[in-house]
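2 protein chains.
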Amino acid sequence: MHADELFKEFRETSITEFFRKNRAHLGYSGRLRSLTTVIHELVTNSLDACEEAGILPEIYIEIKSLGDSHYRVISADNGPGIPVKHIPDVFGKMLAGTKFHRNIQLRGQQGIGVAGVTLFSQTTTGKPIRVRTSTGNGKVNEVELMIDITKNRAEILSNREYSEYWRGTEIGCELKGVKFSLREQGPFEYVRRTAIANPHAKIVFVDPEGRKTIFERSSEKIPKSPVAVKPHPQGIEVDDLLNMAKKTKARKVSSFLISEFSRVSSAKVKEIQERVDFDLNKNPRRLKWSECEQIVKAIREIKFLAPPSEGLVPIGEEQIKNAVLNILDPEFDAVLTRPPKTHSGGVPFQVEVAVAYGGHAGRNVGDGVKFEIMRFANRAPLIFDAGGCAITQAVNSIEWKRYGIRDYENSPFTVFINIVSTHIPYTSAGKQSVAEEKEIIKEIRMALMEVGRKFQTYYSRRRRAEEREQKRQILMKYSIELAAGLAKLANKNEDEILKGLHKLIDKRMLDYITEEVEEGREEKEEAEMDDLFIENSDQ
Amino acid sequence: MHADELFKEFRETSITEFFRKNRAHLGYSGRLRSLTTVIHELVTNSLDACEEAGILPEIYIEIKSLGDSHYRVISADNGPGIPVKHIPDVFGKMLAGTKFHRNIQLRGQQGIGVAGVTLFSQTTTGKPIRVRTSTGNGKVNEVELMIDITKNRAEILSNREYSEYWRGTEIGCELKGVKFSLREQGPFEYVRRTAIANPHAKIVFVDPEGRKTIFERSSEKIPKSPVAVKPHPQGIEVDDLLNMAKKTKARKVSSFLISEFSRVSSAKVKEIQERVDFDLNKNPRRLKWSECEQIVKAIREIKFLAPPSEGLVPIGEEQIKNAVLNILDPEFDAVLTRPPKTHSGGVPFQVEVAVAYGGHAGRNVGDGVKFEIMRFANRAPLIFDAGGCAITQAVNSIEWKRYGIRDYENSPFTVFINIVSTHIPYTSAGKQSVAEEKEIIKEIRMALMEVGRKFQTYYSRRRRAEEREQKRQILMKYSIELAAGLAKLANKNEDEILKGLHKLIDKRMLDYITEEVEEGREEKEEAEMDDLFIENSDQ
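Residue numbers (our numbering), protein chains in the order written: chain A, 1 to 539; chain B, 1 to 539.
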């Protein structure tokens, strides 16, 4: 067949058409997962909106059964609302939104998710989604819309405006080919984990049986609002630099670098100037690829301060501790927030880790309890695709037995990990798995090893205290008999002999403790081998 | 912060910009994987083009090192070439192509891949890709182009046209931040596996050290060209049906169904008519959602012939056998092509499986040999993301020890699986992992169990033959001594006694074989338990 013939079918596709045919990329595969994905998109959107607006979130989620595999989902929040002119694009257009362009930590980052809900709803039921929203200006809009798939834009079916003083967003949609379940990967568990990672949010969840669960907020503190931060120079690639240089208002490359990047001072510009063969007073719009390459190379040779942490909003050790204690009531827990680092060159990120042992920690499987990993990215639970995720890989790469946990897979152990970043490198548009960036894996490992050592100290101390107490009890028991015997033999006072024996026992116990401290030191050294491993594998 | 303030940043993103920021979705993560992804996109495009045009493919791939993490890749094929007016869109626009809209089995299906190469090349090196192509009409075009990212369209830097009689396409691009390696996930192994699954292709591969490997074709037979097939009714969803009904030229729903679907006859239409409450003589453009829903429901209650197999092009048992024998030289092999089935409602697909034992089968790891899974989709190797793939899940769900393979993970065993379909349900745009659709998993399991039983028969027969021969040798050895003794004792002819003894031994051996046959029957029944398992787990 000739090429002209073959190319007769050449056509362009819209992004909406693409995702309509490749739903699985957005997380719409399987009946349970599809429903959880809808809840995920609605909840993260509400949380993001509240957080940016500085509002303590109150979220309502209701799932109603309408028949076999047929449900209605209603979500409502007390967020800032959506200005009426943006309603069509927010819900009816993919790759449109407030998040993609900004270097800001939010759960959503792509401008696909919530339009994905509209798409899934209409392609499974033929019905529009209903949006009711107000920014609190006394006017409420109720809009019904679908997506015009070939054009990737909203088709408004109705728009009713009326007066009412209320603020927030309410979404109603119907779904077919989905299924509710209380299983680990279902909507309830998704919401429960969201509540754990967002102790400032109140979430009401009503399941299809009409059971209402209220996740009360355990903290009244509004998390600081995430702010868009300038990119860190060490995260920049040549292509990014060139693009930014074309758009800048600065007149010189030097002022461009200082004004559009974080941590670039005039002293740093001087250091860069020493390493490049052209004048940094040049107009940035005239920069060539090779010159940008020189700048990027220079930047990688120079030390910069770590990215500013105001761009990152971790949950915080105290909040995590409360949440973990609250829910798992463990025998032992340790929480750690690592300092901010950069991945993929220069995107700031930060890792938070908690481990809990005993109590309700671990995952209940049949009669037994198994090791459990709870993954979060920007406080949103990651429920699916655990296999290919950097978090899973990092956790499984730890030699837990070094920290005194013999059969870790069958221990009542929960590891909680949250990665916060202005750009989480997800492996696909479904956002359930973090790409295996080595810096991220390294940070998680570092954090786990640190809490692992704390666990080890606790656990071996507990074990030894138990052993010591056993020994002491045995010795004490026999000391009385022994004292009586010795008293007769030596014809001395029995009480005095007993006192002497007890002194001996106490001394022996002290010796034990000293020995243990020595041993502990050795074990600690052994555990630090892990650090070495990391350094060597980091290339 | 007020909503109006928050929405000041509302913006639209192009698909190219989206993938520029989320490279990992296309498979561009890590230095080795990024290079393999480029080779993958170029090779699959060449193979698809040749196959559609009915040309025996000759493909040339060269990777040159230009410095640290900096390479030049050249690919060339003898394919049909690209008509000049389509060059910009093929290489410079995402979601454009000949494949997305058609129900046809090709390696590419999204219209993203090769523009992804342009994007990756220009964002890492700032350079255009160079394309030289001709449809064989005496004119050759040499074009240099980049993508205008904000507009998702090609920016042509140069276009030189000259006269020459030649046909094919040659692509040259530079890449940075990538790395060549001979490892399992590198370009060489990718090409080697491509050669295994495409025995009709000749592929020349030149690595950065200048080593040239020629994968000669082991078959001169051009595979039949894939043809676009009409969708099978049982794969259709309400939304699809409604969309098709809006675009059809048919005047009645009945003729619409007959002309635009495969396996729908007027008898079937009659069956549908009996199940719906409106007249199928209606104009299809006037169909309502609820009416389409009735049609889809009716279709699911009716039996249809399996999807026509002319839409599917398996490699074929003979070709796979040749390839496997050629490369692995195994002690045992079994090949199986299952009949076509449908997934996700009605997309036709077919599974091909081969197992090889002994010889060069298995994966060499250090000193040992491990179980190896070679995954393919539409003859393209799947090298990454094995963890979340339906193929891996299906293979690992088999209880190999039932088939006589004790420690399967450490056996010299290669399992080769190819899924062919007009639409492979990949989990992400990187196309390295197949979504876990239950019909696909079931088919793979069925195929593996069938070849597993063949292996079992071979293996237990071999084991028994060995045991039998050992026994026979022992008996024969003693029969001579025994005959001499008996001859003396009974005063009879030694030779005759020996003959009698040998007869006895032969009879005993026959008994063994009969017993084994009985045993074999039992084992077979046990293995069939697996089938039961499948039936039960299939809901």
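You may find that some hints are simply not true.
Identical copies look the same in the list; a pair holds intra-copy or inter-copy alike.
[As the list claims (entries may be wrong)] With a straight-line cut-off of 27 Å between C-alpha atoms, the simulated DSSO-like cross-links for lysine-lysine are: (1) 85 - 341; (2) 252 - 230; (3) 8 - 151; (4) 21 - 151; (5) 127 - 246.
Think of the hints as simulated: they come from the structure by calculation, not from any bench.
Because the structure is a prediction, the values reported are computed rather than measured.
- Which earlier hints can't be squared with this structure? 1
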